[in-house]
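Asker: These protein sequence lines are chains A and G, in that order.
FYI, my numbering numbers position 57 of the first sequence as 86, with every residue one higher than the one before it.
FYI, my numbering numbers position 35 of the second sequence as 24, with every residue one higher than the one before it.
Treat the hints loosely; a few may be bogus.
What the hints assert, rightly or not - Computed, partial: chain G to chain A, Cβ under 8 angstroms:
1. Leu277
2. Asn279
3. Glu280
4. Leu309
5. Arg311
6. Glu315
7. Thr317
8. Ala318
9. Ile350
10. Tyr352
11. Leu356
12. Glu364
13. Glu365
Stated by the list, open to error - Derived pair list, reagent style SDA-like, types lysine to any residue, alpha-carbon separation capped at 20 angstroms:
14. A/Lys56 x G/Asp57
15. G/Lys283 x A/Lys155
16. A/Lys56 x G/Ile257
17. A/Lys166 x G/Gln361
18. G/Lys354 x A/Gly59
19. G/Lys354 x A/Gln164
20. A/Lys66 x G/Ile419
Keep in mind that the hints were calculated from the coordinates and are not lab data.
We put the CB at the ideal spot given by N, CA and C, even for glycine.
Spelled out from the first residue to the last, the chains are:
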Amino acid sequence: MDLSFHIQGGDFTSAGTASSQVRRTLKELGVDAAVIKRVVVALYEAEVNIVAHAYKGIITAEISPERVFLQLVDEGPGITDIEKAMTPGFSTASQEVREMGFGAGMGLPNICRNADVFNIHSVPGKGTTVEITIQIK
Amino acid sequence: MDKPIKPFHHALGIRKEICIGCSRCLRVCPTEALRVKDGKASLHPEWCIDCGECFNVCPVKAVVVEDDDIAQIFNYKHRILLVPSVFFAQFEEKLTLDAIKGILYDMGFTELCTVEQGADLLVDEINRYIQEYEGEKPVISSYCPAVVRLIQVRFPSFADRIMRLIPPLEITAQYYRNEYKKHDVPLEDVGIFYVTPCAAKIAAIKAPVGGYVSPINGVINMSELYNKVFLAYKQKGIYEHEHCALPHSMLSSVGVRWSTTCGEAANIRGRALAIDSMPNVIDFLERLENEEIKGVDFLELRACDMSCCGGILVQDNRFLIRERIEKTAEELPAKHALDQEFKNVCSGYIPMETVEPRAMIKYHKDLTMALQRMEESRRLRRILPGIDCNACGAPSCEALADDIVCSRATLEHCVILHAHNKDPEMLEKIWGKNRFNKKNQDKI
């Protein structure tokens, strides 16, 4: 089962659409609630990252009987220091974004904590690719 | 995990001989539990949550509530009626509380009690429960049985958040049962009856969740009792009754408001939200499941619009009822006369297990099979017209696609595709060429 979503930078009204659709699909498939929760938390964070930092992006979700594989490819400023970005509490979010309840600097650490496999690759000035795998069984 | 679950006891049924198969009920069912077959609506017993949305829209009253016959009160020597505050609030002001009570006594009840007497002690207990609760918040109120069932079926992962405290109705029933026991009245002589504003409460009394057994002996349909009271009033007018010399201080302002929206939430320390009506409740639970809502301690969720004032068996306008309840509340004391006595002998803390989840199996228990069926269903959705006309007997094109992959229907059920094959022009004039062209690209 493959799902894909186009994400627009700055569109906070639609942030959460991808994670909501993926959640609904997994629930309809009867996937364990604890697994769904991890997927939703990780994907929601990653989705909001695109909205908050990038210009646009594409999210794809591949669901197989064994795992959920999520790929988030964005066009944006990229991350110069990934290690720093992975530090809990570190954030480059603007005041405006923080006022909306985002940008607490927990995004990447939270994604990482909920993923079984987590890959991040970024080219400054070009964009970031995040890959998340969560095992179902 | 796989232990067999008792089938749901249902308080709603469809009278096939009355049903005209119009499909109105299909569209409003929050669990898509209805289909039209052989010209009649039929109910999926595992999916129905007794919310009564179908009852509200049925144009011929084919949806019926399975209540108890009022005559059965005479099987008992002591006939106690538990009356919720919405019952009294249905009547216009000139039919006074005394007059209503007099009529009810004349019908054969020997004691009248207000249901919400049990609410006051719950205020402290719910707050304590929330404080001591170690699971994931918000705690979800156990008050509305339609919501409890909605969670079991559609939001099973929240089942363990449902508060394990019994609602005021059950507390009050326990109290009066105890009172009679205290006075050595044989229990078989005591009949406790409840006037219900909805079907879900009947189901909850006959088949409670969490391993609880209700002491209530029978449930009386509020609309039926309303008619009986109103008829007596029209025929005999208002008259003095010996029983009605009783003071009315049996309810507090907290209690009388309990069944209205915010009735619980207003008494909760911490962050509590009150949400009423089925679409609002579902939307909120979806958001909660989406991890979009954080930091809420307590949720008061009610299936009916304006909570119990809008119950399916409640007569008169729900806004007027709410207004009357508010007016009564302003005149009532903060504590009722039996407040301390209730607190001494009763509690909402009853040994109760976590509410068991009972998720709908949409496609298949096995994930590989479920995935196959889901993909197949999505492919079918592209073929189906997507106008949700209900002519196939399913609530939507999506539901028909799911029914097809689960072998409950075939593509032939789609009347629109049928008609389009015969006379494409006619349908394309209405729905446009694209709806059919695009869909038929990868026809199976």
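Asker: Which numbered hints turn out to be false for this structure?
Answerer: The structure breaks hints 1, 4, 5, 6, 7, 8, 13, 14, 15, 16, 20; every other hint is satisfied.
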